[in-house]
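Novice: In order, the protein sequences belong to chains A and B.
1 is the number of the first residue of the first sequence in our numbering; add one for each residue after it.
1 is the number of the first residue of the second sequence in our numbering; add one for each residue after it.
It is possible that part of the hints are untrue.
[Unchecked claim] Okay, derived cross-link-like pairs now, SDA-like style, lysine to any residue, Cα gap no bigger than 25 Å in a straight line:
1. A/K344 with B/L167
2. A/K241 with B/A29
3. A/K344 with A/R305
[Stated by the list, open to error] Covered by chain B, per the in silico footprint, the following chain A stretches (three or more residues, Cβ under 8 Å):
4. 37-43
5. 48-54
6. 100-110
7. 155-164
Calculated from the structure, these hints are not laboratory results.
The C-beta atom is built at its ideal place from N, Cα and C for all residues, glycine as well.
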Amino acid sequence: MKRLTLLFISSVFITAAVCAAYGQTKMPQMKFRERTLPNGLRVLSVIDKSSPTVTINVWYHVGSKDDPDHRSGFAHLFEHIMFKSTKNMKAEMMDRLTEDVGGNNNATTQDDATIYYETIPANYLETLLWAEAERLASLTVDDENFKSERAVVEEEFRQSILAPPNGRFFYAMDVRSWNAHPYKRPGIGSIEDLDAATVEDVIKFHNTYYRPDNATLIVVGDFDQKQLDTWVDKYFVPIPKPNLPLPRVNVTEPARTGEKRFMEYAPNVPLKGVAFTYLVPSSKSDDAAALRMASTILSQGRSSRLYQSLVYQQQLTTTATAGADLREDAGMFTFTALTVNGKKPEDVEAALRAEIKKLQDAPVSAAELEKAKNQIVTGQLRQRETSLGKSNALGRAAVLLGDPNRVNTELDRLQSVTAADIQRVAQKYLTDNNRYVIYYLPESERPKTSGNNPSTDAAKGGASK
Amino acid sequence: MRNKASNWILAMLVLALCAMSSAAQTAQATPPPPTAPHSTVFPKPVEKNLPNGLRVIVIPRTEMPLVTAQLLIKSGGEVDPTDLSGAADMTASLLTRGTSTKSATQIAEAIEALGGTLNAGAGWDASTITTNVMSPRIGQALEIIADVARNPSFKDEEIERLRRQTLNGLRSAMATPGSIARFVAARVVFRDSPYGHSLSGTPESLPRLKRDDIVKIHSMYYRPDNAILVIGGDITAANGFELAQKYFGDWQNPTVALPKLQITTPESTASGRRILVIDQPAAGQTAVLAVRTAINRDSPDYFRGIVANAILSGYSGRLNWEIRVKRGLSYGAGSSLDTRRSAGSFMASAQTKNVSGAEVASLTLAEISKLATGELLDSELSTRKASLLGGFARSMETTGGVVGQFGSLAMYGVPLDEINRYIASVQAIKAADVKGFAASRLNADSTSVVIVGNAKDFLPDLQKRFSNVEVISVADLDLNSASLKKTVGKN
Numbered sequence: 001m002k003r004l005t006l007l008f009i010s011s012v013f014i015t016a017a018v019c020a021a022y023g024q025t026k027m028p029q030m031k032f033r034e035r036t037l038p039n040g041l042r043v044l045s046v047i048d049k050s051s052p053t054v055t056i057n058v059w060y061h062v063g064s065k066d067d068p069d070h071r072s073g074f075a076h077l078f079e080h081i082m083f084k085s086t087k088n089m090k091a092e093m094m095d096r097l098t099e100d101v102g103g104n105n106n107a108t109t110q111d112d113a114t115i116y117y118e119t120i121p122a123n124y125l126e127t128l129l130w131a132e133a134e135r136l137a138s139l140t141v142d143d144e145n146f147k148s149e150r151a152v153v154e155e156e157f158r159q160s161i162l163a164p165p166n167g168r169f170f171y172a173m174d175v176r177s178w179n180a181h182p183y184k185r186p187g188i189g190s191i192e193d194l195d196a197a198t199v200e201d202v203i204k205f206h207n208t209y210y211r212p213d214n215a216t217l218i219v220v221g222d223f224d225q226k227q228l229d230t231w232v233d234k235y236f237v238p239i240p241k242p243n244l245p246l247p248r249v250n251v252t253e254p255a256r257t258g259e260k261r262f263m264e265y266a267p268n269v270p271l272k273g274v275a276f277t278y279l280v281p282s283s284k285s286d287d288a289a290a291l292r293m294a295s296t297i298l299s300q301g302r303s304s305r306l307y308q309s310l311v312y313q314q315q316l317t318t319t320a321t322a323g324a325d326l327r328e329d330a331g332m333f334t335f336t337a338l339t340v341n342g343k344k345p346e347d348v349e350a351a352l353r354a355e356i357k358k359l360q361d362a363p364v365s366a367a368e369l370e371k372a373k374n375q376i377v378t379g380q381l382r383q384r385e386t387s388l389g390k391s392n393a394l395g396r397a398a399v400l401l402g403d404p405n406r407v408n409t410e411l412d413r414l415q416s417v418t419a420a421d422i423q424r425v426a427q428k429y430l431t432d433n434n435r436y437v438i439y440y441l442p443e444s445e446r447p448k449t450s451g452n453n454p455s456t457d458a459a460k461g462g463a464s465k
Numbered sequence: 001m002r003n004k005a006s007n008w009i010l011a012m013l014v015l016a017l018c019a020m021s022s023a024a025q026t027a028q029a030t031p032p033p034p035t036a037p038h039s040t041v042f043p044k045p046v047e048k049n050l051p052n053g054l055r056v057i058v059i060p061r062t063e064m065p066l067v068t069a070q071l072l073i074k075s076g077g078e079v080d081p082t083d084l085s086g087a088a089d090m091t092a093s094l095l096t097r098g099t100s101t102k103s104a105t106q107i108a109e110a111i112e113a114l115g116g117t118l119n120a121g122a123g124w125d126a127s128t129i130t131t132n133v134m135s136p137r138i139g140q141a142l143e144i145i146a147d148v149a150r151n152p153s154f155k156d157e158e159i160e161r162l163r164r165q166t167l168n169g170l171r172s173a174m175a176t177p178g179s180i181a182r183f184v185a186a187r188v189v190f191r192d193s194p195y196g197h198s199l200s201g202t203p204e205s206l207p208r209l210k211r212d213d214i215v216k217i218h219s220m221y222y223r224p225d226n227a228i229l230v231i232g233g234d235i236t237a238a239n240g241f242e243l244a245q246k247y248f249g250d251w252q253n254p255t256v257a258l259p260k261l262q263i264t265t266p267e268s269t270a271s272g273r274r275i276l277v278i279d280q281p282a283a284g285q286t287a288v289l290a291v292r293t294a295i296n297r298d299s300p301d302y303f304r305g306i307v308a309n310a311i312l313s314g315y316s317g318r319l320n321w322e323i324r325v326k327r328g329l330s331y332g333a334g335s336s337l338d339t340r341r342s343a344g345s346f347m348a349s350a351q352t353k354n355v356s357g358a359e360v361a362s363l364t365l366a367e368i369s370k371l372a373t374g375e376l377l378d379s380e381l382s383t384r385k386a387s388l389l390g391g392f393a394r395s396m397e398t399t400g401g402v403v404g405q406f407g408s409l410a411m412y413g414v415p416l417d418e419i420n421r422y423i424a425s426v427q428a429i430k431a432a433d434v435k436g437f438a439a440s441r442l443n444a445d446s447t448s449v450v451i452v453g454n455a456k457d458f459l460p461d462l463q464k465r466f467s468n469v470e471v472i473s474v475a476d477l478d479l480n481s482a483s484l485k486k487t488v489g490k491n
């Protein structure tokens with residue numbers, strides 16, 4: 001449904017770009033045009049006449065890590081409010097201008113950025129540029145709409161965290177893994193912190209972060225470049241650049257100094273969970289590509305190492321995944337597994353550790369490396385089938401990797417990864433001292449006397465900074 | 001190909017927005033109107049039948065060097081023997097887990113080395129094997145599909161492994177309110193008829209399933225005269241047909257005739273209506289479904305039905321508008337019209353906090369009822385049609401979507417050029433058609449309600465709103481029969 005967060009989408013297959021020739025297949029280079037307006041708004045555009053539609057994608061460089069103190073979940077709640085009213089648009093008018101003419105819209109709040117998008121018949125481009133300029137420049141909010149939408153977000157919390165049996169497991173991962181960085185607060189927040197949010201918080205957040213010099217406008221589809229420039233000039237150039245400073249999270253997550261273990265208990269646990277997290281560098285790091293490749297070899301597909309070992313041969317788990325969850329300021333390399341009923345989480349832990357050791361002790365085979373590269377290339381081609389997928393790839397390169405050209409160079413980085421690189425990053429990061437372990441267990445197994453049990457209910461207690 | 005909205009619908013919307021802007025005071029205060037619509041092109045399928053009866057459909061499109069191919073068997077979960085629900089899905093899922101020449105691991109390695117994906121499973125009315133690969137590798141991928149469809153080994157070891165995995169998956173599903181509600185809804189609507197059981201089986205049926213049952217389903221239904229091969233993407237029709245001939249040309253039909261299955265879906269009636277609560281005390285949210293029988297895919301009411309559903313469903317559809325946007329009671333409410341070879345179901349759904357379960361049930365039924373009896377203005381009708389058509393167009397943005405759309409038409413024997421008539425058929429529907437359909441096919445009084453959640457939070461409220469509320473504890477739930485309740489002493 002609408003206005004989803006990307007909370008639990010692991011970054012295993014997070015994309016970047018496809019462009020060079022690979023194997024027998026020519027990767028289309030993405031030809032984009034870049035301009036920056038005097039007010040700081042960056043505009044990227046890609047002409048693609050394969051269908052008579054246009055996708056507009058606006059990236060604001062503010063995400064869940066920027067949630068105000070005691071307001072976990074606020075950036076995401078705010079994202080919902082951006083679909084309400086502006087000076088010249090009454091509530092839900094964005095839906096009138098998109099859904100009612102055969103288009104669609106949505107948005108996603110990530111840790112580091114918030115992305116709003118719509119795909120519309122190409123002849124509505126000017127209309128929607130006007131609308132995006134409206135909500136950048138003149139968002140309005142009234143108490144009734146705010147409370148109603150806040151209730152929707154609380155239902156989203158229940159639907160994603162409380163209703164699914166494993167919701168609290170995945171929720172606990174950020175809460176337990178980060179010590180200092182605000183990444184420790186889950187993007188969906190907590191009911192308590194959401195209830196504390198006010199209309200004043202909304203206005204302040206908009207004034208602070210929703211400004212042209214913190215935004216990137218991306219247009220992909222069937223349009224005329226000159227006409228686009230004219231419309232951008234008309235609707236976006238007049239928006240002033242504020243004099244206020246633009247705050248940035250400036251917290252360094254400290255290196256881990258030893259293994260930590262957490263026991264999470266929940267009322268509804270049909271399959272016990274086991275997770276490891278390892279602190280790793282950010283998405284901009286030189287090791288990012290090798291970490292991604294390692295996660296692909298470990299867990300993409302039924303021929304992957306974790307599936308073959310834990311799911312297929314030992315039949316210890318129903319799923320076993322590895323993910324390179326690389327964010328702007330730092331990353332986590334994660335393992336998650338759901339234990340087959342009757343099997344022991346301790347045995348799952350031992351099996352995961354054996355696979356990690358194997359990755360450290362010997363280089364991956366040439367065939368595994370080749371397979372992983374083919375899987376990554378094909379995945380990126382799939383992403384770029386749609387104008388939305390193209391605009392997401394371009395936005396990620398520009399905003400999170402700091403250079404839109406990386407949409408056309410990222411694949412080269414992945415292709416240049418060697419077996420030795422993968423072994424090296426496994427040895428460097430997947431160490432005992434850098435591991436946090438989370439068990440997800442039924443409430444009935446909680447020790448009766450929990451005098452100094454380090455765990456509380458991560459989902460209930462929330463995770464305020 | 002992406003948006004296939006017709007010129008005329010766009011032109012109509014141009015007029016609508018021009019009207020809006022003429023009321024404007026300044027140019028900046030109202031949205032600028034659209035410019036002239038851009039023209040559209042539909043993907044064009046090419047098809048032929050191989051001498052063995054296999055129907056081959058190729059839909060070329062060259063934007064990306066990708067191809068999706070799907071072998072579709074026109075039999076799915078509806079062929080499960082009465083006490084063996086899950087048999088067809090196990091059969092389909094086992095195809096990729098071993099053939100006469102390759103082990104499960106070798107098959108996975110072969111397709112993944114190409115960068116491709118391979119998925120198999122049973123749905124209703126069809127079982128599918130689907131691959132998505134870079135276009136230069138499509139020949140190798142089709143060779144793998146042909147091998148798994150034609151030569152599966154169904155080794156006991158693999159059957160046991162998949163049985164355990166499926167039972168663990170069910171264990172998880174049976175702890176999830178939304179999943180429980182859908183299992184229960186199928187029994188409420190289809191009762192003990194072939195669409196009533198769980199596609200993936202039940203904790204009782206799966207242990208009963210034997211290798212012979214699986215082999216029997218494969219030999220009865222996996223045959224060229226009951227199959228369609230759909231290939232979409234960066235491939236020419238000639239190349240597609242050549243590959244089909246190469247890998248499927250010598251596939252023989254068995255000498256016995258294909259069994260004909262006649263399904264009669266029980267009609268939903270007011271007297272048979274159930275208001276059914278499944279009490280799951282651990283539920284973190286309540287799932288609410290309103291469900292009833294509807295129409296089959298080749299019904300003359302098809303377009304009336306999908307437009308009626310579009311009035312209720314979608315972000316700005318009436319259900320989401322009333323339940324989410326106006327009242328903040330859910331993250332999303334919607335409905336679906338599931339048309340099948342025999343009559344399928346209409347289902348409205350939402351999840352809400354436990355205490356709001358009864359209120360959401362009432363709101364859902366009220367909206368279904370209003371569709372037949374309340375006002376439907378042309379302005380609402382036209383925007384909901386636009387939304388329906390836009391979604392249809394977006395469903396064909398990817399090779400997987402194109403193959404899905406044409407595959408679905410083909411499996412129900414609908415002419416493929418219905419794609420070209422789709423927009424006109426939707427536009428021809430008038431308010432009276434929608435209301436007529438709602439009155440005859442979506443009567444709220446014969447629509448059942450299934451609510452899964454922590455019953456103590458909503459049951460008293462629900463009992464005030466409805467008489468004859470049935471309550472079954474999740475521990476006593478039995479998906480193997482329409483009564484849904486384990487017999488006493490068997491718990």
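Novice: Could you run down the list of hints and mark each one as holding or not?
Specialist: Results for each hint:
Distance hint between A/K344 and B/L167 is fulfilled; the C-alpha atoms sit about 17 Å from each other, no more than 25 Å. A distance of roughly 21 Å separates the Cα atoms of A/K241 and B/A29; the hinted pair therefore holds under the 25 Å criterion. Restraint check for A/K344 and A/R305: satisfied, since their Cα atoms lie roughly 20 Å apart, inside the 25 Å limit. Chain B is given as covering the stretch 37-43 of chain A, and this is violated because 0 residues of the stretch bring a CB closer than 8 Å to a CB of that chain, at least three being needed.
Counting residues of the stretch 48-54 of chain A whose beta carbon lies closer than 8 Å to any beta carbon of chain B gives 4, which reaches the threshold of three, so the coverage claim holds. Coverage of the stretch 100-110 of chain A by chain B holds [criterion: at least 3 residues with CB-CB distance below 8 Å; count 5]. Restraint check on the stretch 155-164 of chain A versus chain B: 8 residues with Cβ-Cβ distances below 8 Å, three needed, restraint holds.
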